[in-house]
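*Asks:* Read top to bottom, the protein sequences are chains D and F.
The opening residue of the first sequence carries number 1 in the working numbering; numbering runs sequentially from there.
The opening residue of the second sequence carries number 1 in the working numbering; numbering runs sequentially from there.
Keep in mind the hints are simulated off the structure, nothing from the lab.
Because the structure is a prediction, the values reported are computed rather than measured.
We treat Cβ as the ideally placed atom computed from N, Cα and C, and that holds for glycine.
Heads up, some of the hints might be wrong.
[Stated by the list, open to error] Okay, derived cross-link-like pairs now, DSBU-like style, lysine-lysine, Cα gap no bigger than 35 Å in a straight line:
(1) D:975 - F:529
(2) D:870 - F:463
(3) D:326 - F:462
(4) D:828 - F:463
(5) F:544 - D:870
(6) D:87 - D:133
(7) D:326 - F:463
(8) D:87 - D:1022
(9) D:336 - F:397
(10) D:133 - D:870
(11) D:870 - F:462
(12) D:518 - F:397
[Said to hold, decoys possible] Partner residues are not named here, just some residues of chain F that face chain D (Cβ under 10 Å, in silico):
(13) 26
(14) 403
(15) 405
(16) 565
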Amino acid sequence: MVQFFEKVTRTMNKYAMLFSFLFISSAMFAQITGKVVDADNGEPLIGASVIIAGTSTGTVTDLDGSFSINAKSGDILEISYTGYTAKTVTVGAETNLSISLSQGVTIDEIIVTGYAVESKRQTTGAVSTVPAKQMAAIPSGNVEQQLQGRVAGVTVLTNGQPGTTSQIRVRGFGAFGGNAPLYIVDGVPTENTDFINPDDIETVTVLKDAASASIYGARAANGVVVYTTKSGSRKAKKMEVTYSGLTGFTDPNVKGSPKMLDPQQMADWTHVAYRNNAAANGTAVAYTHPQYGNQATPRIPTYLHANGANGVVGNVDLAAIEAAYKANPSNVFLIKPNLEGTNWYDAITRIAPIQRHSLGFSGGTENGRYFIGLGAQNQSGILLENEFKRYSFRANSEWDLLPWLTMGENLQVTYRAVLGQQGDAGGIGIADDESEVLSAYRMPTILPVFDEFGSYASTKAAGFNNPRNPVRRLVLNNGDDGGFNTAAFGNIYFLIKPVKNLTIKSSLGGNYNNNYYKNYNYIYLGDSEPEASNTFSEGGGYGFSWVLTNTATYKAQLGSHGITALAGIEALNTGAGRFFNGSGINPFSTDLNFVNLATVQSPQVNSGLYNGVNFYSIFGKLDYNFKEKYYVTGVLRRDGSSRFGANSRFGVFPAVSAAWRVTSEDFLKDISWLRDLKIRGGWGEMGNSNNVDPSNQFFLYRSDRGSTFYPINGQSSGVDEGFASSRIGNPDAKWETSETLNIGFDVSLFDNKLEIILDWWKKTTRDLLFTVPLPGVAGNYAASPAINVGSMLNRGIDFQIINRGNLGSKLTYELTLNNAFLHNEITKLADGIPYFDGGSYRGIAPIRNQPGYGLSEFFGYKMIGYFNSKAEADASKQPGAGVGRFKYEDVNGDGSITPADRTFIGSPIPKFTGGANFNVGYKNLHAEIYLYTSIGNKIFNQSKWFTDFFGSFEGSAKGIRALESWTPALGNEAKAPIWESASNISTNGAANSWYVEDGSFLRIQRLAMYYDFDSSLLKRLKLSRLSLGVSANNIWTLTKYTGLDPMVGGGADTNFGIDVGNYPVTPAYMLNFTIGF
Amino acid sequence: MIMAMVMLLVVSCKDSFLEVAPTGSLADAQLATKAGVEGVLIGAYAALNGVFGNRLEGPNHWVTGSICGGEANKGTDPGDYSSINPMQRYETDPTQGDLSAFWRGRYEGVSRCNTVLRLLAQAKDVSAADAARIAGEARLLRGHFYFDLKKHYNSIPYFDEKTPASEVPKIPNTPNVWDKIEADFQFAFTNLPETQGQAGRVNKWAAAAYMGKAKLYQKKYAEAKTWFDNVIANGKTTNGKKYQLLDDYTQIFNAEFDNHAEAVMDVESSMNTGNVANANYFDDLNYPYNTGLDGPGNCCGFFQPSFDLANTFRTKNGLPLLDGSYNNDANALKHDYGVESSAPFTPDAGPVDPRLDHSIGRRGIPYLDWIAHPGKAWIRAQPYAGPYSPKKYVYYKSQENKLTDGSSWTRGYATMNYTIIRFADVLLMAAEAEIEAGSLAKARELVNQVRARAANKAHWVKKADGTPAANYVISLYPESAFSSKAAANDIVRMERKLELSGEGHRFFDLVRWGIAEPVLNAYLKNEAKILVTKFGGAKFTAGKNEYYPIPQREIDLQGTVLKQNPGY
């Protein structure tokens, strides 16, 4: 910290010096005002962009179409508006401009790249923008989820937890990890945007290819998502206040949950299994279930459990049991069967309310402008005790201190709390975790939620194996938990215009966050594997990152030659901080006012610190165009990072691109239906180092209590510290480099009724950093280093189609399609590493990464049916072969089934993703439908391991596929193997293609209607806007997938598409209200 | 101009700016000191517990030694920890992940010992005496890790601290590593002191006992005898107790008596250490199931003594049934298979060795100081793995939270030391050496020494009224029983099974005696009489299953360097 402040102070001193220096050479700025109107009808265009070319200075027009901007003579103003042809105006003597735009080239949106603002008309790269409105349309905890389907080429895998992280992948998966894009918020790079209130967003720009993103060099390989937040207006006007509110609820969609066997079916099929076991083993049938009795027809007992006795038929001595309960309430249970059957999914979920309120204040004077945003979002998850809260305060302001000097800042302070979240990596890991959602499918329907005394009922009732009552787990173990993160994010910047055409910007940004959590779990003895201690843990930490960016932009028009040159330097630290936490058991009292780390038994403490990674970069960009007909852009960036050793610390990332506006050629002038055609091409290189530990270059030793300590004194309490080699260093590791090629065109036809943007792209990542597994002889404790091996290929086509028009005079419509095809392939791994496997789930290891195949593909036996007769099973050389069990393909044709017969059985990566947005407007009434689709991805439905085999935790709940498990009559039509206890590779003991399901789906993400009240009414009420709407989200999904939800993410890039117990995305219904004055 | 100035400023401090120190760790220079080397040596001891996340790596070899040796069946149900299923059926394939983890864990131990020796050579502030001791401890531990690898995989890569790291993956595997293992034990014996202030350290006599064991595995009986004779005559523990059998058999497995006179080499275990890996984490799944507060642990019954083992404790005239007839219907122990806990059951009334109820939890017999074992209610699935629970290395009710670590997900991580070599083991190994290279009479004396302790009525399992919990009948072998080498061998082997059951030695004993195939196939046949689903069709294949496969992962990673064991 001290060091940092010194650095800041140094920087400040430096600026003070520079400023005095600059007083000498100042140009005169003047207040330019103007009005932007529709060329056809003179209606004001509200929200049109006005920017000073080559700078990030800009504004938008207000309700009257008016704007005000500080510019000086010779500045070029770029005026643009969606759906209209942009215009440029050179500032001269006139300070009040009247500008009319005609409907036309619509590909002319503002692109904010963080270092510069440019119009889409000029770009030579693959860039997408998302209307800010769309980012706010569907309330989610993390705004980046809303990129799903909104940008062609961005894959978003997420889940239904409010505030969850998601897998956001721009143009495929470039590496074996660390594939998240770089986010830039108001010029400050960050890896996390969960703090943003969507209502504060002004623009969203996604930089997809090297031509557009390589200005971010070493961190740009996974694409860059640039957010800018709102700012005030550049002229004196009264403060404008906007309130947007939203309230509604999420429905857990109990009807859509997988069906489980009811109590009678479960009993019947337990006995079916006993008969099948006996048949398989050639023994007499033994009915041995502690609840269903020893006779052939299962019976349902009167009590499942009565103080130690199980499967009691008839009466029990209630008085005695009650007395026992009173004497020892935590250990005495009286459980009656729930004959109707408990729907455990219903029991752990609820109708979950949501509300969000945003208040925006914006305004300005001639010399300053501001935006103040207040936001509050309270959202409950459908799972009990799952809560999300975010309160944010944003203050953006900018002040013209001197004619040549502007100072501004963006600052957001955020309180954010996510409680009861499950899944690692911030929630996205829930799909492949054994979550409480899975627990709901492991608890037999015959067990009630509560026993006769009102205690939670569970598997202390014998015969149901080891599931734990998930209602109890959620309510008791999450109910008292707490935690929050407070953060400040923002920057302060200076804009200096020392001479004509030159703008210098210096920005110091940072992100400080502080977090705390507490976690209480309570004794519960009603499970077969009880939780026998009260436990408590708490902890906290802080982190701080900063970035200092200096850029100089020169922009000039010399006759037909347009030139923009940008040069910059940047230094940053990705975040340094400390944390501590502790835990302990069995405090004397569980009174919340008593429990802390000092009052628990066996307290354990842990703490740590991290220094972050430092980057130092210089970069430059040159744009040239000739008569706005031919465009050429070159980018060069050199980055140095402390992640790498001195040998290969620096990386240089170049990009070149060009575009040809064909419609500017004379020979196309007469083709009236072709309004605009631009052909673009670009090549470049970008870097990535996310998948590398900051200590990768070092050889280190460490002590840790779990693996290097030993009670050398022979003591029975306490332990002595020891050390072991903990990291093998690789000083030679260098950047992953992805080389991209992009060819595309933007075309606008029929008076802009039809627009198409299409990009073909190819991204080859080489020197892929990968933590090569060390051979076992090297031990297993020291982390092996990431080394540059392997390469990956991604290629695809992104295209956006927009069709808009009128049907009659009052009815307008707009259809937007965002589509992307993706192909992903690992092309090389290290010598001597033919493949590497992913994680294992209950002995099922379904993932292999191997050259020639996609990232994280599913791997296992290919199931070609079942053994339909004893003869067939006996003749087989498949281990564990038996009647009704899986029959695997002999892939290598050697006559027997061995691990060598495993093969690739599906990829979790969608081949095609798309979003379709259709708007219809009739007078003031608007309707919108938004669909999202993912096609060609497979899901490994690991939850079937729990629900579809009698032998997986025998006695725990099973699904209705049991009813269609193998019988001689069903043969290969059976949905699951024969109902029996056996467990081997022919049953539930191996990954195979039976688990693999088509994960394609089409979903109505949003269906909305809203009404904008008439401007005449608004004027009377002195309002600027009044709008009321309703929406329904996720109300319909078309899929063949049999699990809860086809959108299955995962904790890591080498591990996803595995559904163990996903948190589904379910329908939500919302009321929206916006008022402005 | 301005840019240039700003650039200058930043560039000037650029080099140091891009040097960011790693956190929370140490570098070579900090550890090449006496204090550092001592710390790294403790790190090597830590590897004894197999603390790398896989319970199969525990030092007690509960799967590879006991379950695969037929002493116990993998419990709970088929789908749970299913990777053990093929192992207990001798259908392990080289892709088995647990065995790969075991391989890596033991080589981690080797690697830590090598690091000690390497840093020791660099450290300038270590006295000659300390250097000898430190090297001795490290080399005894290294010998132990290699011994473990050798008995599991037979053919293994061997390297020491002088082998450069880059060369290690190029070393092929070979069965010829005994010389090197012996060299470590010899060095340790020569350089280690007898006693030290810290009871957790290995000493000279542990090295001697391990050397004897190594000789025995190579069938070098005369040499083995010399080493064992020395240990028996002169051996003492690191804390200075002369080696002897404890009076009370149960104290061997009781944390209150840790570092006792019978512990020749053990793994220290402790609570309140900040991590249950320092306690017996590898056993946490092995306690009886669904016991509530009436029994230890919470989970899960993975380690269930076999019918075969239980029946072995049947005695006739106080002696075991050496002809294997203990599994006959007439002799087999009465059990509660298929009997509900609510239904009445009377335990077997016939004569049994008292060690039965020290080793196996069975219906109706007091389960340590918990309740009497209730039978089926404590077993996850009797049809899967039978009616028995483990009893050795289980903590007592009175010790809960006093000698157990409850800070992880189950409430009781026991803290008794697991004993790698105990004195009774030494006596019985010495008896084997005597049979082949000494006198049968001496062998009988050694065996009877072990039996006499078991016969001490004072320490039998008792009912509440103080009477023995079962019909315990045990006597010493008469001279006539040791009539021939063959007869004597049968007796010693039987005694090892009875005395050391559930302690992870059985599989390796059977293999070194060359009788794994008949014994284990008989065991499979016996268990399959009831546990059909589990064992039906299973078979031990001679020439293959004596050793575990070299993990496929290692073969893949080391290219053509490693050769797979026969049959896999």
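*Asks:* Which hints, by number, does the structure contradict?
*Replies:* When the structure is compared with the hints, numbers 2, 4, 10, 11, 16 turn out to be violated.
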